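Q: Let's have the full structure, built from the sequences with the hints guiding it.
Here is what each chain is made of, one letter per residue.
2 protein chains.
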Amino acid sequence: MNYFSSDFKLGILGGGQLGKMLLYNTRKFDIQTYVLDPSNEAPSRMACNVFEQGDLMDFDTVYKFGKQVDVLTIEIENVNVAALEKLENEGTKVYPSSKTLRRIQNKATQKLFYQDHNLPTAPFSRFAYASEIEDAIDNGGVTLPFVWKAAQFGYDGNGVKIVRSLADLKDLPKGECIAEQLIPFKNELAVIVSRSATGETKTYPVVEMEFHPEANQVEYVICPARISEDVAKKAQEVALKASQAFDHVGVLAVELFQTEDDKILINEVAPRPHNSGHQTIEASYTSQFEQHIRAILGLPLGKTDNKVASVMVNLVGAEGYTGQVHYKNIESIMAMDGVTPHIYGKKETRPFRKMGHVTIVDQDLSTARQIAEEVKKSIKVISL
Amino acid sequence: MNYFSSDFKLGILGGGQLGKMLLYNTRKFDIQTYVLDPSNEAPSRMACNVFEQGDLMDFDTVYKFGKQVDVLTIEIENVNVAALEKLENEGTKVYPSSKTLRRIQNKATQKLFYQDHNLPTAPFSRFAYASEIEDAIDNGGVTLPFVWKAAQFGYDGNGVKIVRSLADLKDLPKGECIAEQLIPFKNELAVIVSRSATGETKTYPVVEMEFHPEANQVEYVICPARISEDVAKKAQEVALKASQAFDHVGVLAVELFQTEDDKILINEVAPRPHNSGHQTIEASYTSQFEQHIRAILGLPLGKTDNKVASVMVNLVGAEGYTGQVHYKNIESIMAMDGVTPHIYGKKETRPFRKMGHVTIVDQDLSTARQIAEEVKKSIKVISL
Chain A
1 MNYFSSDFKL
11 GILGGGQLGK
21 MLLYNTRKFD
31 IQTYVLDPSN
41 EAPSRMACNV
51 FEQGDLMDFD
61 TVYKFGKQVD
71 VLTIEIENVN
81 VAALEKLENE
91 GTKVYPSSKT
101 LRRIQNKATQ
111 KLFYQDHNLP
121 TAPFSRFAYA
131 SEIEDAIDNG
141 GVTLPFVWKA
151 AQFGYDGNGV
161 KIVRSLADLK
171 DLPKGECIAE
181 QLIPFKNELA
191 VIVSRSATGE
201 TKTYPVVEME
211 FHPEANQVEY
221 VICPARISED
231 VAKKAQEVAL
241 KASQAFDHVG
251 VLAVELFQTE
261 DDKILINEVA
271 PRPHNSGHQT
281 IEASYTSQFE
291 QHIRAILGLP
301 LGKTDNKVAS
311 VMVNLVGAEG
321 YTGQVHYKNI
331 ESIMAMDGVT
341 PHIYGKKETR
351 PFRKMGHVTI
361 VDQDLSTARQ
371 IAEEVKKSIK
381 VISL
Chain B
1 MNYFSSDFKL
11 GILGGGQLGK
21 MLLYNTRKFD
31 IQTYVLDPSN
41 EAPSRMACNV
51 FEQGDLMDFD
61 TVYKFGKQVD
71 VLTIEIENVN
81 VAALEKLENE
91 GTKVYPSSKT
101 LRRIQNKATQ
111 KLFYQDHNLP
121 TAPFSRFAYA
131 SEIEDAIDNG
141 GVTLPFVWKA
151 AQFGYDGNGV
161 KIVRSLADLK
171 DLPKGECIAE
181 QLIPFKNELA
191 VIVSRSATGE
201 TKTYPVVEME
211 FHPEANQVEY
221 VICPARISED
231 VAKKAQEVAL
241 KASQAFDHVG
251 VLAVELFQTE
261 DDKILINEVA
271 PRPHNSGHQT
281 IEASYTSQFE
291 QHIRAILGLP
301 LGKTDNKVAS
311 VMVNLVGAEG
321 YTGQVHYKNI
331 ESIMAMDGVT
341 PHIYGKKETR
351 PFRKMGHVTI
361 VDQDLSTARQ
371 IAEEVKKSIK
381 VISL
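These protein sequences, in sequence, are chains A and B.
Residue numbers in the first sequence follow full-length UniProt numbering, run continuously in steps of one, and reach 384 at the last position.
Residue numbers in the second sequence follow full-length UniProt numbering, run continuously in steps of one, and reach 384 at the last position.
By construction, these hints were calculated from the structure, which means they are not laboratory data.
Careful: at least some of the hints might be erroneous.
[To be verified] A short, non-exhaustive set of chain A residues, derived as facing chain B with CB atoms under 7 Å:
1. Q110
2. L299
3. V308
4. E331
5. I343
[To be verified] Examples of chain A residues toward chain B, derived with CB under 8 Å:
6. F4
7. Y24
8. M46
9. N49
10. K64
11. K307
12. G323
13. H326
14. Y327
15. K328
16. A335
17. V361
Note that the coordinates shown come from a computational prediction; the quantities given were computed from them, not determined experimentally.
Idealized CB from N, CA, C, for every residue including glycine.
A: See below:
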């Protein structure tokens, strides 16, 4: 297949900010791209050759869209998997596969998959209904405190809650869920593994999430993680093993915990470019977006080493502001060394809405970390 | 002015490969972009918000296009300058300015400008008609051999010829031209200088053109140039002085000669992103494309240091092939460390047509240079 000719067509389900970055970071390959997204104002819209508006959960829409393309990928997991399965059976290359997406879409299934494949993860119980948890606590099957996770459609911290008392159970959604043992950890880490259609694999350096000392919120994504070589190696091995267990093709973002006693546990995975890999655009020899494209087309994978160290800061809407977005002090952060803002192009800001991110790179990680603190102090996503 | 809102509009005259790279390397800023190009199949077409087809040399077309935007720039010099002048007078920001473009469009005027501003350049004579050169040789005003250059519309080696004998004069175009003293040089160098609307300046490291030992053709663009620190400093100073003399806003690519006795002479300049700066995408903290946008919007300029060393190879159509393009062995070069192909998206190849470029980056320049040789041996732009 000649990917670099206009005969070849790549389809992407979802046209959000990930899809936009996927597209603009790979325009250099001049590949023909088709995008399906429910919103007429999808950020990807102007970065692709053909845009179609439609429901990603609708069988017919996804199937019809997929029939036009040679290779189909996603930038969001919540798509109609049955349609993907039919497309696969009829010869379309779908990466990630319908099988992987089914396993990942449901967090209970995902956790069982880790158990079945000897992939380290925190112990858990699965419940068809949240109402069953109280019984399990009564009979000792679940111990307080624990982490409740909705099995389906949780996003960015929604669908996850630490349950410390019976009272905390009251407001939980009723559906399928898991109760995961609350394991104290030293670090939250992530590793992006790329695995190509030919089976070639390449693993990115480990990144570390630095939390705000008071608010329980990731402030900085740091690469390389400030951990021992041994722990880094272990994290990369676990991530690679997960990618192979899923028989995944594309990039797989593996979120990990480093426990107090330096064990590595899988938290969850995303079978696509991920927030924990945004720094690769500026810091790596090959960005996660380019790597995803290389992988799903069966092209050789690019080098995953860092050129420079990096810190990534998410740009989220400030509390108290809703309306037409304004990036206050963006000029002043652009005056700082090695600072690149990425604006996702959403017109309206809301508190905590992801509006963009900023990457800070430097030869020296501690310099980048200092500059990141200045960035965080300066820029504010508000409305006018 | 809020550049990061949908109220702001940036216009670009020309929608070729430079415009395409300008656009996809700055999509992260989500700036609204308008492009004017004569071709309906312009590479920029799908990377901009609004595309208009029209003649860049037509006063009314350029003027009408420019009236819609807040800031207007170019990716090609041959545009209607009178229209830009009217737009400037009516308040549109035009970078590069009509004045700079007028000075640069005509090579005789450009050379006179260097003389007037004490910028070092090879001695030359100006002729309204090529037929006047023979008289000048007869009366000793011009000495053989010399370099003939057409004053207008010369591109990529067209419009330049070394004249060694009277016989060489026969086939020259008749129009305005210059006869430049042929000065033996050690190296052909280039420096990109960025100068913002606020007057801030930042200079990129010097690049070196490595020529094929037999064919008189640039094979590799090498950064940093393998020259002494003194010469590098001198080259950067001359380039910066040129940018200031033009009162230029944007990036200015300054092509230079390093003479046998280590003098630096200006060959010519381009007031826009340039082939000699393509490696900045992968190698620099800030790409020339991002820097151009920062400069013309009056945003702070980005850091111009290298993250890594680089070698750039142009992809031109192989001799003997015309028709639908095929990038032979592109997969094998993508398997090499630090190699990124850029495909410009032209459907048809012709001998020597610029079809793309490949950047090779590495911590170590000599490693990058070795890999570049492998790249050059492997990839071939042919038709099937």
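Q: Please go over all the hints and tell whether each is borne out by the structure.
A: We went through each hint and held it up to the structure:
1. Q110: violated (32 Å)
2. L299: holds (5 Å)
3. V308: Holds - the Cβ of V308(A) comes within 7 Å of chain B, reaching about 5 Å at its closest.
4. E331: Check passed: Cβ of E331(A) comes within 6 Å of chain B, closer than 7 Å.
5. I343: holds (4 Å)
6. F4: With a closest approach of 5 Å, the F4(A) hint holds.
7. Y24: It holds, given that the least Cβ distance between Y24(A) and chain B is near 4 Å, below 8 Å.
8. M46: holds (6 Å)
9. N49: Since chain B brings a Cβ to about 6 Å from N49(A), closer than 8 Å, the hint holds.
10. K64: violated (23 Å)
11. K307: holds (4 Å)
12. G323: This interface hint is violated because 12 Å lies over the 8 Å limit.
13. H326: Holds - the Cβ of H326(A) comes within 8 Å of chain B, reaching about 7 Å at its closest.
14. Y327: holds (5 Å)
15. K328: violated (10 Å)
16. A335: holds (4 Å)
17. V361: At about 7 Å, which falls below the 8 Å cut-off, the nearest Cβ of chain B leaves the hint on V361(A) intact, so it holds.
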